[in-house]
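Novice: Letter by letter, the chains look like this.
Protein chains: 2
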Amino acid sequence: MEANNRVNGLEEKIKGPTNPMVTPLLTDLYQFTMAYAYWKGGKHLERSVFDLFFRRNPFGGEYTIFAGLEECIRFIANFRIGEEEIAFLRQCLPPTCEDAFFDYLRGIDCSDVEVYAVAEGSVVFPKMPLMRIEGPVALVQLLETPFVNLINYASLVATNAARHRFVAGKSKMLLEFGLRRAQGPDGGISASKYCYMGGFDATSNVAAGKLFGIPLRGTHSHAFVSSFMYFPLSYCSCILATGTTPGDKLKLEWCLKLGTFREYGDSADEIVDKSLRSSNGSTTCEDFVGLVQSWLNKLQYTESLRGSFGETNQSELAAFTSYALAFPSNFLALVDTYDVVRSGIPNFCAVALALNDLGYKAGGIRLDSGDLAYLSCESRKFFRAVEKEFGVPGFGKINITASNDLNEETLDALNKQGHEVDSFGIGTYLVTCYAQPALGCVFKLVEINKQPRIKLSEDVSKVSIPCKKRCFRLFGKEGYPLVDIMTGVNEPPPKVSERILCRHPFNESKRAYVVPQQVEELLKCYWSGDSGTPREELPPIQKIRERCIQQLDQMRPDHMRRLNPTPYKVSVSAKLYDFIHFLWLNEAPVGELQ
Amino acid sequence: MEANNRVNGLEEKIKGPTNPMVTPLLTDLYQFTMAYAYWKGGKHLERSVFDLFFRRNPFGGEYTIFAGLEECIRFIANFRIGEEEIAFLRQCLPPTCEDAFFDYLRGIDCSDVEVYAVAEGSVVFPKMPLMRIEGPVALVQLLETPFVNLINYASLVATNAARHRFVAGKSKMLLEFGLRRAQGPDGGISASKYCYMGGFDATSNVAAGKLFGIPLRGTHSHAFVSSFMYFPLSYCSCILATGTTPGDKLKLEWCLKLGTFREYGDSADEIVDKSLRSSNGSTTCEDFVGLVQSWLNKLQYTESLRGSFGETNQSELAAFTSYALAFPSNFLALVDTYDVVRSGIPNFCAVALALNDLGYKAGGIRLDSGDLAYLSCESRKFFRAVEKEFGVPGFGKINITASNDLNEETLDALNKQGHEVDSFGIGTYLVTCYAQPALGCVFKLVEINKQPRIKLSEDVSKVSIPCKKRCFRLFGKEGYPLVDIMTGVNEPPPKVSERILCRHPFNESKRAYVVPQQVEELLKCYWSGDSGTPREELPPIQKIRERCIQQLDQMRPDHMRRLNPTPYKVSVSAKLYDFIHFLWLNEAPVGELQ
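The listed protein sequences correspond, in order, to chains A and B. Each residue of the first sequence is one higher than the one before, counting from 1 in our numbering. Each residue of the second sequence is one higher than the one before, counting from 1001 in our numbering.
Source of the hints: derived by calculation from the structure; they are not laboratory data. Computed from a prediction, not measured in an experiment: that's the story for all the values here. Some hints here could point you the wrong way.
What the hints assert, rightly or not - With a Cα cut of at most 27 Å, we get these calculated DSS-like pairs of lysine-lysine:
| # | chain 1 | residue 1 | chain 2 | residue 2 |
| --- | --- | --- | --- | --- |
| 1 | B | 1450 | A | 274 |
| 2 | B | 1015 | A | 210 |
| 3 | B | 1274 | B | 1455 |
| 4 | B | 1510 | B | 1455 |
| 5 | B | 1298 | B | 1397 |
| 6 | A | 381 | A | 361 |
| 7 | A | 450 | B | 1015 |
| 8 | B | 1274 | A | 15 |
As the list claims (entries may be wrong) - Using C-beta positions, here's what the derived DEER-type ranges look like:
| # | chain 1 | residue 1 | chain 2 | residue 2 | range |
| --- | --- | --- | --- | --- | --- |
| 9 | A | 567 | B | 1566 | 23 to 33 Å |
| 10 | B | 1412 | A | 95 | 34 to 44 Å |
| 11 | B | 1550 | A | 461 | 53 to 63 Å |
| 12 | A | 95 | B | 1290 | 22 to 32 Å |
| 13 | B | 1540 | A | 581 | 36 to 46 Å |
| 14 | A | 581 | B | 1405 | 26 to 36 Å |
| 15 | A | 83 | B | 1278 | 48 to 58 Å |
Stated by the list, open to error - Examples of chain B residues toward chain A, derived with CB under 8 Å:
| # | residue |
| --- | --- |
| 16 | 1033 |
| 17 | 1043 |
| 18 | 1047 |
| 19 | 1096 |
| 20 | 1184 |
| 21 | 1206 |
| 22 | 1270 |
| 23 | 1445 |
C-beta: ideal position from N, C-alpha, C; glycine also.
Let the sequences and hints guide you as you build the complete structure.
Specialist: Below, the structure written as structure tokens:
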């Protein structure tokens, strides 16, 4: 699906949503029943303004990354209700609903809608509108559920990614490995997209790599290593297949008793083609398996490494060798299937040194269990010793990736312990936002027919801020954002070097004068329908990611720290403050104490 | 996409996955790098057996609902890697990868794969294989990530739904309202599907209703009510638009001071067409608005209701009246926009009684804030008083729906307090599985080339159970399931009335003899490729839901209780036990204490 809309005077095609399941029916039934009630009452075309915002930052932090905008725009750019959908809606609504309503639905698109939004990838705060949606009330209500769905998880997971990046530090590679544990296929694809946006470097998710151009990373799994495991087949299988014969039983008891029964064959026999061309193509090593074995022997007899390992696991060695033959330029090994220090690392080094003989540089190792701080340090020590002993430049710096249920807390703990990990592969906790799996974005009516609307609640934090508004970020002398401010749409905007009073929207005593050194208008037009208003371009994901990283860098550090961060101030103009409280008093019922 | 496969000898088309984004690329990159390494080493066609299972029940419970099977089967039934995908994979893999590998990928489908699984909707337990996947190792590895993705969230959210049902009790309607807070669009659609499967009655998600035939429910939102709000437009807007003039300021100060300024117009003026035909079509009420108003007056002057309310909110009344005119047979009202007891309920009753005059029965109310136990009881009292006072049969039983951040705990608390809620609308906590947002299903190699494989770990709970296995559920005299047991695939299966030893897979001292009264084989063939093995039908969602409800009913109550439930026993046969420990000793490295 493609649609037209004007960007700075130029026509441009806007693609449909990434997920083709995002259609006008991906909404709550009550949006359609309300649309009917509006239509039936002749109110459906009343011009309305809705704000999309959230009330609390997630994960106990004081900031949020705004994400999901492009998908919203793609959705409305292609918003049409097809015949099949109309037919289904007819079944869902009571038979008394009039035909003309369905004709109305058949005709609607978003040419009469305008969407103003904060740039995707921006750092945002509670209560401020992230999006302002204007249009006929019945239609804009239909957009509520898909918009909130598309923004909520996107912003949540981008924020989670940014928080992981903050703890890991800028020098580390962060890899998103969450597809298998994500909440459904789209949970996985969205996670990959928005984690990249929030500052991750790559994903394991091939589909996301293809859809969004995100770099892909991966090593191999334990299954690959165990597929090379060798043991006495005939013996084992007969026990299960034909029942334990007296002789088998004896043998089994014996091995159980001694606990040391070994009857390994040579796992390396599984490798058929043992030859490997050198990196520059000049020579061919006919027996790479033998070369690896000779390196392993050398390692075993090297004085400085002596005692750290004895006999390594041969099936693991066969698996590594086989993987290196397939990927001589990109040899990566999962080293914890048996024992990292006594088997995985020496086996890896033997293969890496053999590759080095042929001009290849090994890629690195992955640790997926155990004490990652300790194991990474031990691995690094071994790599450095090898570099020194055999004079292989750079060997000490081989990449160490860690995975296994990592999250903000474990990254923080690793930092405190000291570690030698270069890359972190993070899955479950990242993509499911385990620490807080939902963000509470809401979509509130703030004006209809040019009349402001307020949503009251006994809980002050749930009172919505009425009126069609403009939003500004005011920057201080040091370049940090100081405060965000909302004003009525017709108020004069804040100006650089002019003193402006910023008031807490609900707390009378909280107010401050600010003299901004820079003023940024936050809500810009991203969809103007047929109105002709010029609109912002939808930037490519890399640009959004850069914006996000740059905005996070620009924040005052005390807003960003993990422990007791300072809340960033969100305010309203003096006029808007007065107006909120006027409306509030006007609407709130006067209680009677009994 | 459609594919063929034999069901009980008959050819049948199997549709593609519900979400078209579920393609062979929806997998981790390392599945493709491993596939290349297997291929390059000539091992890619080795026949392998993988088990899909989880290690711990979610939500602190002792049971899990297995869900997601149909989507897995739809996926493999249509598994083909297209040219565009091949081209992308070429870019992802190192340029040294040989062309012939891509020819291999081009040719693969799942005709050589077999999938055995527990029936979807079954109650299942840790360590037992939920699925057994057999086929060429390189291909089956490609299936790992999508299978685990499709099963994990589906099973998690179905289990969450079943747990909510358990607390709510069978007599309540449970409505899933989570789309806007779900983790992405597919998170929302999957949630609706699998919550229904786990025992919910309906969803608000229209797309899910269309895709799966799930009943749809919805009322209206606060925005609908506030769109009818009336207040002095000219006055308010001029304050913001043109700045506060001295006169305005005075007026504003005055109203702020008194706090009682009211200048309502008549919101009912917004309603243009005030006529309503009676239910049987015999008469038309020309002024339904007046009829409603007269009922409100009657309510206000009714002795038994006196004192419970005074003047109700007129914009709310206008909104309800308008909604009733649109849906006279399905009038539902959200009654908490202003004040449930003093405004929402009397307004609702006035409209409902006016509808009753015309032969319509009102649908019910929704409470979305405040003390739901108290408010539901007050509402019920009012409804009963109206029934008695005006002799409207059934009015006392009008449906009360509650929503607002409900979860297992709040349902439990409501039960303890006593409430009059008939239906619960549950969103965020249900669909994001807030209490535990991920299930840890894994996919482990248990056999390759007819050789059993074990995945070792220093953590005993992470050791996998090797061998291609059969799984049985043994039932006791009282009809409850007693224990699940895994056996080697060639062992004689457990028989009714025959004593069998069930052993804990890892704990030598835990074992028990069982004489089953009934034996159910758990793993059945759901995909047989070209092998000709007859396979099970994929039942419609309603059947799966029935199975789920029936299986939950059949469980011994102590496994199901929320507080300290008894773990259900999962065991292995004596032979399999011996074999596990033989392999374990054979593979585990012998430590050296230093």
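Novice: Against this structure, judge whether each hint is valid.
Specialist: Structure-based check of all given hints:
1. B/1450 to A/274: The given pair, whose Cα atoms are some 25 Å apart, holds under the 27 Å limit.
2. B/1015 to A/210: Distance ~24 Å between residue 1015 of chain B and residue 210 of chain A Cα, so the pair holds.
3. B/1274 to B/1455: violated, 73 Å
4. B/1510 to B/1455: It holds: about 22 Å lies between the C-alpha atoms, which stays within 27 Å.
5. B/1298 to B/1397: Satisfied, since the Cα-Cα distance of roughly 21 Å is no more than 27 Å.
6. A/381 to A/361: holds, 18 Å
7. A/450 to B/1015: Status violated; Cα separation ~50 Å.
8. B/1274 to A/15: violated, 44 Å
9. A/567 to B/1566: 23 to 33 Å: violated, 46 Å
10. B/1412 to A/95: 34 to 44 Å: holds, 39 Å
11. B/1550 to A/461: 53 to 63 Å: violated, 45 Å
12. A/95 to B/1290: 22 to 32 Å: holds, 27 Å
13. B/1540 to A/581: 36 to 46 Å: Distance hint for residue 1540 of chain B, residue 581 of chain A is violated at roughly 56 Å.
14. A/581 to B/1405: 26 to 36 Å: Roughly 28 Å apart at Cβ, these two residues keep to the hinted range, so it holds.
15. A/83 to B/1278: 48 to 58 Å: 34 Å Cβ-Cβ, so the 48 to 58 Å window is violated.
16. 1033: holds, 6 Å
17. 1043: holds, 7 Å
18. 1047: violated, 11 Å
19. 1096: holds, 6 Å
20. 1184: Holds - the Cβ of residue 1184 of chain B comes within 8 Å of chain A, reaching about 4 Å at its closest.
21. 1206: holds, 4 Å
22. 1270: Since the shortest Cβ distance to chain A is 7 Å, the answer is holds.
23. 1445: Where the cut-off is 8 Å and the nearest Cβ of chain A is about 4 Å from residue 1445 of chain B, the hint holds.
The structure fails to meet hints 3, 7, 8, 9, 11, 13, 15 and 18 from the earlier list, while all remaining hints are met.
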